[in-house]
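Novice: In case you want the letters, here they are:
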Amino acid sequence: MRIHCNDEQLEVPEDCSLVSIIQRFNEQEGALAVAVNQTIIPTSRWQLQTLEEGDVVDIFTLVAGG
Amino acid sequence: MLNASEYSRYSRHLLLDDFDEHAQRRLNNAKVTLFGVGGLGCQVASALAAAGVGEMVLIDDDTIEISNLPRQWLFTEKDIGQKKAEVARTRLLAMQSACTFHCITNFNDIAARDAHLTTSPLIIDCTDSFTSRLAINALAVTHSVPLISAAASGFIATATAFNPEISGPCYACPEYNSEQSLTCFEQGIFSPVVAIAGQLQAMMALSYLSGIRNPEWGSLHHFNGQNLLMRQFNIQKNPDCPTCSKIHRSEDHAHSL
Ligand SMILES: [Zn+2]
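Chains V and Z, in that order, give the protein sequences.
Okay, so the first sequence: first residue is 1 according to the UniProt record's numbering, each after it adds one.
Okay, so the second sequence: first residue is 1 according to the UniProt record's numbering, each after it adds one.
Calculated directly from the structure, the hints in this document are not laboratory data.
This structure is a prediction, so every number in the text was calculated from the model and none was measured.
Cβ coordinates follow ideal geometry from the N, Cα and C atoms, glycine included.
One thing to keep in mind: the hints can contain errors.
[What the hints assert, rightly or not] These stretches of chain V come out as covered by chain Z in the derived footprint (C-beta under 8 Å, 3 or more residues):
1) 30 to 42
2) 51 to 65
[To be verified] Here are a few chain Z residues that sit away from chain V, every Cβ distance over 12 Å (derived from the structure):
3) Ser-8
4) Leu-15
5) Asp-18
6) Phe-19
7) Glu-21
8) Lys-31
9) Gly-81
10) Lys-83
11) His-102
12) Asp-114
13) Thr-119
14) Asn-163
15) Ile-166
16) Glu-179
Whole structure, please, built from the sequences with the hints as guidance.
Specialist: Structure representation (structure tokens):
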């Protein structure tokens, strides 16, 4: 199935887990915020959350400066 | 309701849709607690004071350094070495003599801080670390006070409003891996980016305090200064949240007594 991740199209297996997508981005520095269809997914749910065809995943670094 | 001088001073507010004398009066009667008078805090405090917010608590134990000057526009070269909260009060009073400022320059003065929190209907988090943001969020949940939190680093600015009064999500609900978050020390910061983050906070605070519009509670507004794109994400209440599922709000506590 096909999903969108950070503006890229990805071909992934059915029932692909969110955490497997995040692992592709683990070279990013810092704490990650991850959203599926614009909703932020708490870190403790990354493992269990599965993705569906057409889902939009956004992975970005959380900033804390000010 | 407003006198002649106030009427001229705030005439451009009064021309806005939804904004009237009552809205301006609500700003004049509002009290806000501001944590941090750095890049974000200078923006928020200036915008709120200029707009007529009546009372502000400025909490910061930092002193002004030369590296602050590119983005902390309330401070000048002559202020280096002085307390940020106190210099900010002097500058802001010149801009808005009707505003009452309370400075807390010692983070350990918990009694003074908590006394203000019980009479302040809004907390604005303008601090610069993940640790302080989590602590301020816990205070907002405990005191059941709405919180407007923002952050900026590199070219990214974020801002979110939380409302524990309506049992909405809190800052800790996403359970971010906090040890790894980025600060301006690691990434640098471009001054317009932190100004935008601060002005997003000011926008939400002034709309809320004047009563013209509530923020979208739990909406994470994300601005990228490299492509000027603004995006919006939704934070949901997490029943396993390390903060809001654990802390008893002062109201709940009062009921249980
Ligand atoms: Zn929470």
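Novice: Among the hints numbered above, which are violated by the structure, and what are their numbers in rising order?
Specialist: Hint 16 is the one this structure does not satisfy, whereas the remaining hints hold.
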